[in-house]
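J.: Using the sequences and the hints given, assemble the complete structure.
For the record, the sequence lines run as chains A and S. So for the first sequence, the working numbering puts the first residue at 1; every next one is plus one. So for the second sequence, the working numbering puts the first residue at 1; every next one is plus one.
Worth flagging that the hints you see were computed from the coordinates, not collected in a lab. By construction, the Cβ of each residue, glycine as well, lies at the ideal position given by its N, Cα and C atoms.
Calculated pairs, DSSO-like style, for lysine-lysine (alpha carbon to alpha carbon, straight line, at most 27 Å):
hint	chain 1	residue 1	chain 2	residue 2
1	S	Lys280	A	Lys128
2	S	Lys258	A	Lys105
3	A	Lys128	S	Lys490
Here are the simulated distance ranges between beta carbons:
hint	chain 1	residue 1	chain 2	residue 2	range
4	S	Phe399	A	Pro73	25 to 31 Å
5	A	Gly183	S	Leu174	56 to 62 Å
6	A	Gln52	S	Phe399	21 to 27 Å
7	S	Pro176	A	Arg114	51 to 57 Å
Away from chain S, derived, C-beta distances all over 12 Å, residues of chain A:
hint	residue
8	Gly13
9	Asn35
10	Ser110
11	Asp164
12	Lys176
13	Asp214
14	Ala220
15	Thr221
16	Glu232
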Amino acid sequence: MITATNLSKVYNGNKVLDIEHLNIPSGQNFGLVGNNGAGKTTFFSLLLDLIQPTTGNIFNKDITVSQSEDWKPFTSSFIDESFLIGYLTPEEYFYFIGDLRNRNKADIDSFLTRFDDFFNGEIIGRKKYLRDLSKGNQKKVGIVAALIGDPEVVILDEPFANLDPTTQIRLKKLLKELSHISGTTILISSHDLIHVTEVCDRIVVLDKGVIVRDMETSEATLNELEAYFSAEIAES
Amino acid sequence: MFKKFAWLEWKSFLRSASFGKSLGLKILMAFLALYFSAMFLFFGIALFPVLKKLYPEQDPLMVVNGFALAYFTFELIFRFLLQTLPVMDIKSLMVLPIKKKSVVHFVLFKSLYSFYNLLPLLLIVPFGLYCIVKQGYSLYGMLGWMTAMYSLTLCMNFLNFIIKKRFTENLKALIPVVATGIIIGLLDYFKLFDISGYFGDFLNTLFHNPYLAVIPVMLLLILYNWNLQNLKGKFYLDADLKGKSKAANTREFGWTRKFGSIAPFLQQDLKLIWRNKRPKTTIYLSFIFLAYGLIFYPNETYQGMPTFFVFVGIFITGIFMINFGQFVPSWDASYYQMIMAQNIPMRQYLASKMGLITFSVVVLAILSTPYVYFGWDILLLNLACALYNIGINIPILLFAGSFNKKRIDLDKSPFMNYQGTGASQWLVGLPLIFLPVLFFWVINKFVSYDAAVGFLAVLGLIGLLLRPNLLSFLTQRYRSRKYVMIEGFKQKGE
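T.: Structural data, given as structure tokens:
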């Protein structure tokens, strides 16, 4: 589904991302972990053509993302709050995204009923603008909006941060179902090793822009990841 | 502490995303500044002899004093339109161990460090020196007079500060101020209440009793203090939160559905305008400027100069276009990444912006039809100007917009936030207005009035017919600027 070849991004002579080859097959639940500055958000931004690669290309379903806009209809994403339109109410925002993805109001309304638990009564019908919602509720809106219109690829940058514990658990369930039932390719990044091992089929560890681990998730993965990230501390 | 603030300011100037753009503008402004300095200096030196010639039986100083009030009024109006007030991002300073007072003092002092405060000095000092050295006026008298005049100039600076603060927060608050000003002006004009005379008398008395200069200085201090209190009271994050708990306005703009594929964007832009203070002002401004024609059409002086009416026509049908259009796509800055990553083709995005602005021109053109009262030719000219706006000016504006990379914070507190309300805003508008005026002037002069009107209309039509091609060009342009824009829009603050 998604292939990156020779991909690199250089800022002022500083190589922040350097991926020789990475292939993410369709329907995979793909997790990206790494410390701050590892290049997770850079990779997602490149994938969404928000920044230009220094070398190489990313192909989304054989479409070169930096050359054509044709990947947009089947790809959706939520990176941060800057993806929300602050002066809309949550409903209006969902309808707007629905419009962009050929879903009418009734479609969206029935879609949203599935998320009643998730929203916990704090989002729909509250007559509040998005900018007045709390960070966590904003995040919920962004994540749900990214699922509108049955996209084939969903990209979520740190979806678990800022969410309350109950919602984190709900979100994990939701993401697992999504890839296993409807075959959506999901890319997430996270700092929470437990969440990411629970949700993802495959986990890639980035360090200073380079892929240092690429593993299929199994019982042992969490320990392996913990060992990897504590190695530095142990050394010193 | 002041040194630290100045250091912060300098860094934010050098490191801002719009540095290149503002540098170019700043060079242009510097030339204008030099020009005006020279003019004022010349005028300051020549004022005394000129007045002596014009009013041989009067004392030039008395004449100047008689005009002083009118001069200060105009100064205030010019300052209001042109002077950008200093901005400072306070959020990051609030929790640091810095006295609120010193931040506010800094902002107020920064406002003094402005070209508009230097110019009057070039007028007052040479005139004063001329009086003392060449005409032998009393030294102390003139020193007192100069002090008074300059204090009053600075009073205008701080008065403008207060008025502008009120204006951005609440447009209606300005109405009583303007109304009072007009009433006093009218009373003065009809000699019912000769306020400028009294003001002149005061300045004359002041010349003979220089110690009276204390009064304007006191006034200056009072105004400064008023500003100080006013700003200090606003030094809270929630200073503008009052209205926020209000239920959200969920107007649907359902009628936009008729516009097909651009409907969702159109609806979205209308919400943008309706729900945010900053773009909302552009609407009010449009209606106010609609009355602009009333100044020109009935006036005898302009009857022989139809070129002026082109200026008016472009302005009244295009005021929303100018005010809103020049900040495309900055209005969407806070979620531009989403716009770029969502299922929105660039072409459609631009087409919808064009659609919205076209719509505004059409509405304003329709609203301007009552001007037919002043003659059919004026109506026709206005319609031609509207066509020209739609066909030529909108693409030009959107092209200019592709250079935008400065964020506009829609929901930012209006505390000291006057993004884009300075002289540079008007500079962008110049080619939009003067190009058609030039075309019209040339053809009207060498061919005929009708041909000139027709030419503008035809130019507009050609632009309209070529719109798909222009759109393709603009799409290319915006696509290649995409990354720069995203990067620029991420930068917050000035």
